[in-house]
Amino acid sequence: MKVSKIGIVSRFDQQDALDMVRKIYDEFNSKVEIFFSPKTGKHLGITENCLPVEQMQSAGVQLIISVGGDGTVLRNISKMKDPLPVLGINMGTLGFLVDVPPEDAIKDIADVLKGFSYTERSRLSVHLNDRRLQDATNEIVLITARPAKILTFRIAIDDSEIEDMRADGIVVATPTGSTAYAMSAGGPIVDPRVDASIIVPIAPFKLSSRPWIVPGNSNIKVEMTIPEKEAALVIDGQHSYNMKENDVVTVTRAENPARFVSSSINGFYEKVQSKLS
Numbered sequence: 025m026k027v028s029k030i031g032i033v034s035r036f037d038q039q040d041a042l043d044m045v046r047k048i049y050d051e052f053n054s055k056v057e058i059f060f061s062p063k064t065g066k067h068l069g070i071t072e073n074c075l076p077v078e079q080m081q082s083a084g085v086q087l088i089i090s091v092g093g094d095g096t097v098l099r100n101i102s103k104m105k106d107p108l109p110v111l112g113i114n115m116g117t118l119g120f121l122v123d124v125p126p127e128d129a130i131k132d133i134a135d136v137l138k139g140f141s142y143t144e145r146s147r148l149s150v151h152l153n154d155r156r157l158q159d160a161t162n163e164i165v166l167i168t169a170r171p172a173k174i175l176t177f178r179i180a181i182d183d184s185e186i187e188d189m190r191a192d193g194i195v196v197a198t199p200t201g202s203t204a205y206a207m208s209a210g211g212p213i214v215d216p217r218v219d220a221s222i223i224v225p226i227a228p229f230k231l232s233s234r235p236w237i238v239p240g241n242s243n244i245k246v247e248m249t250i251p252e253k254e255a256a257l258v259i260d261g262q263h264s265y266n267m268k269e270n271d272v273v274t275v276t277r278a279e280n281p282a283r284f285v286s287s288s289i290n291g292f293y294e295k296v297q298s299k300l301s
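So for the sequence shown, my numbering puts the first residue at 25; every next one is plus one.
Honestly, the hints are just simulated from the structure, not real lab data.
By construction, the Cβ of each residue, glycine as well, lies at the ideal position given by its N, Cα and C atoms.
Hints may contain errors.
To be verified - In silico DSS-like cross-links for lysine-lysine, where the CA-CA straight-line distance does not exceed 27 Å:
| id | residue 1 | residue 2 |
| --- | --- | --- |
| 1 | K103 | K245 |
| 2 | K66 | K29 |
| 3 | K63 | K131 |
| 4 | K173 | K230 |
| 5 | K299 | K131 |
| 6 | K245 | K230 |
| 7 | K47 | K103 |
| 8 | K29 | K131 |
Stated by the list, open to error - Here are the simulated distance ranges between beta carbons:
| id | residue 1 | residue 2 | range |
| --- | --- | --- | --- |
| 9 | Q297 | S184 | 29 to 39 Å |
| 10 | F229 | K131 | 48 to 58 Å |
| 11 | D106 | R217 | 32 to 42 Å |
| 12 | I186 | N153 | 46 to 56 Å |
| 13 | H151 | R234 | 48 to 58 Å |
| 14 | D182 | D50 | 19 to 29 Å |
| 15 | R46 | D219 | 39 to 49 Å |
| 16 | A83 | D40 | 46 to 56 Å |
| 17 | R217 | T117 | 24 to 34 Å |
| 18 | I186 | A134 | 20 to 30 Å |
| 19 | D215 | H151 | 24 to 34 Å |
Could you build all of it, start to finish, from the sequences and the hints given here?
And the structure:
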């Protein structure tokens, strides 16, 4: 299916990212209808076709071009209840979710506009007590709000308790997020095609506390059990909430996945070798 409407979101704290957006606009404005997130449009001096990313699908946008790093991708996916496919132009640093280098951007976008395919990646639905929070594409992190203060968590999978864990925190990640915070905390690298969730302790007190890989449709409950301690619940590094004694975080598979446009650099193992070697 040929593409007729695209959306562009960008980081705007770097001039080279905004220059890339301008280059994309100049190249493709006569070929497709282009929508901008309001802040991206503002920094470019563009006032027409500016829409919040969560409204772009209803305007007929078929894909989002994200200019920046992984944070730009994650921030905008979190705004969409049923995410549009995203093509990431890497203007950040490492970037596991942004496949296209700047020098290939115009060529790859031209190819995508002729028609594209995309892959789906599972996300996590997150509740804090009875409050529904943003879905997570990479991970949720529960971490001490006060440095050097260890926390205790009770963890249950499908109502079966698996561990009372003392640690600085824990990470619950998708396979997509296995190469992010979870990996830095000592978790395994998991192929995104695997239907699983990963639970990784951060600086655990016991030598026996090790990462868990559980089925992707598991119901994961994490309860703070030590009084007078506070923790922060962080979703994809973008959204933060306070957590206290007896608060319960429930994590399940989200209804709608994240979607990523297939590009010429699409092999997971190639990415791991090139970005982590």
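Each hint tested on the structure:
Only pairs whose Cα atoms come within 27 Å are accepted, and K103 paired with K245 is accepted, the gap being roughly 24 Å. For the hint linking K66 to K29, the alpha-carbon distance of about 20 Å falls within 27 Å, and the restraint holds. Simply put, K63 and K131 have alpha-carbon atoms about 26 Å apart, close enough for the 27 Å limit, and the pair holds. For the suggested pair K173 and K230, the alpha carbons sit about 15 Å apart, so the restraint of at most 27 Å is met.
Simply put, K299 and K131 have alpha-carbon atoms about 22 Å apart, close enough for the 27 Å limit, and the pair holds. Restraint check for K245 and K230: satisfied, since their Cα atoms lie roughly 20 Å apart, inside the 27 Å limit. Simply put, K47 and K103 have alpha-carbon atoms about 26 Å apart, close enough for the 27 Å limit, and the pair holds. Between the alpha carbons of K29 and K131 the distance comes to roughly 18 Å, so the proposed pair stays at or under 27 Å and holds.
For Q297 and S184, the Cβ-Cβ distance of about 37 Å falls inside the hinted range of 29 to 39 Å, so the restraint holds. Taking 48 to 58 Å as the suggested C-beta distance range, the pair F229 and K131 conforms, at roughly 52 Å. Separated by about 21 Å at the C-beta atoms, D106 and R217 break the suggested range of 32 to 42 Å. A hinted range of 46 to 56 Å for the beta carbons of I186 and N153 is inconsistent with their spacing of about 21 Å.
At about 26 Å, the CB distance of H151 to R234 disagrees with the hint of 48 to 58 Å. Roughly 53 Å separates the CB atoms of D182 and D50, a value that falls outside the hinted 19 to 29 Å. Remark: the range hint 39 to 49 Å for R46 to D219 is upheld by a beta-carbon distance near 41 Å. Separation of A83 from D40 is about 28 Å and departs from the stated range, judged on CB atoms against 46 to 56 Å.
At roughly 26 Å, the beta carbons of R217 and T117 sit within the given window of 24 to 34 Å. Our hint of 20 to 30 Å for I186 and A134 is violated, since their Cβ atoms are close to 50 Å apart. Our hint of 24 to 34 Å for D215 and H151 holds, since their Cβ atoms are close to 28 Å apart.
Violated hints, in rising order: 11, 12, 13, 14, 16, 18; the structure is consistent with all others.
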